[in-house]
Amino acid sequence: MEALILSCSTGGGHNAAGEAVAQAFERRGHHVQIMDPYQLASEGLASNIGNAYIKLVQRAPWAFGLVYLLGELFRRLPFRSPVYWINGKMAAHMQEYLRLHPVDVIVMPHIFPAEILAQLKNNGVVLPVTIFVATDYTCIPFTEETDCDYYVIPSPQLKEEFSRRGISEEKLVPLGIPVRREFLEEKSREAALKELGLDPQKRYLLLSGGSIGAGKMAKTIRCMRRYLRENPDHVLVVVCGNNQWLYRRLTIKYGRNEQILLLQSTTQMADYMRGCDVFLSKPGGLSSTEAAVLGVALVHISPIPGCEMRNAEFFVQRGMSAAVKHPAKELLSVIEEMNNPQNARRRREKQRQYIPPCASEEICRFAEEAVKK
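Converting from the sequence shown to the numbering used here requires adding 3 to each position, the first position being numbered 1.
By construction, these hints were calculated from the structure, which means they are not laboratory data. Since the model is a prediction, treat every value here as computed from it, not as a measurement. Among the clues, some could well be false.
As the list claims (entries may be wrong) - Simulated restraints, written as ranges between beta carbons of each label pair:
| no. | residue 1 | residue 2 | range |
| --- | --- | --- | --- |
| 1 | 171 | 232 | 49 to 59 Å |
| 2 | 76 | 171 | 45 to 55 Å |
| 3 | 254 | 76 | 19 to 29 Å |
| 4 | 328 | 103 | 46 to 56 Å |
| 5 | 164 | 376 | 24 to 34 Å |
| 6 | 95 | 376 | 48 to 58 Å |
| 7 | 230 | 73 | 49 to 59 Å |
| 8 | 30 | 349 | 50 to 60 Å |
Built from N, CA and C at the ideal position, the CB exists for glycine as well.
Let the sequences and hints guide you as you build the complete structure.
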C-alpha cells in the first residue's frame with residue numbers, strides 16, 4: 004500500500020503524530036511518504052508558516068488565543084473561513100503532486116492539508132482514501148470545513164462534540180492519538196536513567212514547554228527553587244526545545260545550579276519521562292498522550308489559550324492529570340500530592356482507562372481496511 008502523510012510544522016505534535024503513523028505503516032510493510040504540502044510551492048513558504056506560528060506562541064501566546072477565539076466565532080457564520088480559501092491556493096500544487104505520485108491513502112494529523120484536499124474534492128477531483136487525525140482533545144475550529152472520508156478522534160467521549168460541529172458520526176473513528184514507538188517500549192526507570200547518564204539515586208522533575216519551548220517556564224523554575232532547596236536529592240530537568248532565546252536566558256541564570264539541568268531539543272524525551280517522578284508540561288495533545296501512555300505523573304501548566312485549555316480539561320476531569328493555574332500558590336502542593344503512592348496508582352489506572360497506547364497501529368489497520376473497501 005502507498006501511503007502519504009501530510010503535516011505542517013506549526014508545533015512538533017502534528018509531525019510527531021505523523022511520524023508515529025508512518026512507523027506503523029512501515030512495520031506492516033507499506034511504503035509511506037511524509038510531506039509538508041506547502042513545500043510543493045516552496046521550501047521557504049513551509050518554513051515561514053511554521054516559524055510564524057512558533058514565534059507567535061513563544062512570544063505572545065495571548066495573541067494565538069485571540070486567533071483561536073476568532074476561529075470559534077467564525078464557526079457561527081454561514082460561509083467558509085479565510086483559512087479555507089488561503090489553503091485552497093495550494094490545491095493545484097497538491098493535485099499535480101497526486102497525479103504524478105498516486106497513493107492509496109492520505110493521513111493528515113494537521114487541519115491545513117485537510118483544508119487543501121477539501122478544495123480538491125469540492126472541485127470534483129477524485130481522491131484516495133483520506134483520514135484526518137485529531138491531535139487535540141477537542142474539535143478545533145475549521146474541522147467542519149474539511150471533507151475527509153474518516154476522522155480519527157482521541158476518544159469516543161468526543162464523538163458528540165465532533166458531531167455537533169457537523170462531522171458525520173459515521174466518519175468518526177475513536178482510535179486515539181498516535182505516539183511514536185519509543186513511547187511503547189518496555190523499559191525500566193533505571194534503564195532509562197542509565198541511558199541518559201543520570202544518577203538513579205536522585206529524583207527528577209521534568210519541565211517542558213513542548214518542542215517550541217512555550218509557556219511560562221522561567222516563572223515555573225522560580226516557583227520550584229524553594230522546593231529544590233528543601234529537597235537536595237531532587238533535580239529539575241528543563242527541556243527548552245528549539246527556543247534558543249529561552250535556553251540562553253536560563254543558562255545565564257541557572258547554568259551553575261547543580262539541581263537544574265538545562266536541555267535544548269532532545270530525541271530522548273521518552274526516557275526523560277520514564278526517569279522523572281513528576282512531569283510539568285503545557286497541555287499539548289501529543290505530549291499529554293505520551294505521558295499518559297507511559298503512566299507519568301502529569302501536571303499541566305501555562306496552557307496556550309485555545310485547544311490546550313480543552314486538553315487540560317479533558318485530562319483533569321478524568322483524573323489523569325492535575326492543572327495548576329497559579330504556580331506560586333499551588334505548584335509545590337500539587338507536586339507533593341502527585342508523589343503520594345495511592346494518588347499515583349489511581350492516576351495511572353485512569354490513564355490506562357482513557358488513553359489507548361497503540362493508536363498508531365490501529366490507525367494503520369483501519370487504513371488498510373478502508374483501502375480494501
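Verification of the hints:
Taken as a hint, the range 49 to 59 Å holds for the pair residue 171 and residue 232, whose Cβ atoms sit roughly 56 Å apart. The supplied range of 45 to 55 Å is broken by residue 76 and residue 171, whose beta-carbon atoms lie about 24 Å from each other. Checking the proposed 19 to 29 Å range against residue 254 and residue 76 shows it is violated: the Cβ atoms sit about 41 Å from each other. Range check, residue 328 to residue 103: Cβ separation about 51 Å, and the 46 to 56 Å hint holds.
Separated by about 27 Å at the C-beta atoms, residue 164 and residue 376 satisfy the suggested range of 24 to 34 Å. As the Cβ distance of residue 95 to residue 376 is approximately 29 Å, the hint placing it in 48 to 58 Å is violated. Remark: the range hint 49 to 59 Å for residue 230 to residue 73 is contradicted by a beta-carbon distance near 39 Å. Remark: the range hint 50 to 60 Å for residue 30 to residue 349 is contradicted by a beta-carbon distance near 33 Å.
This entry does not satisfy hints 2, 3, 6, 7 and 8, going by the numbered hints stated previously.
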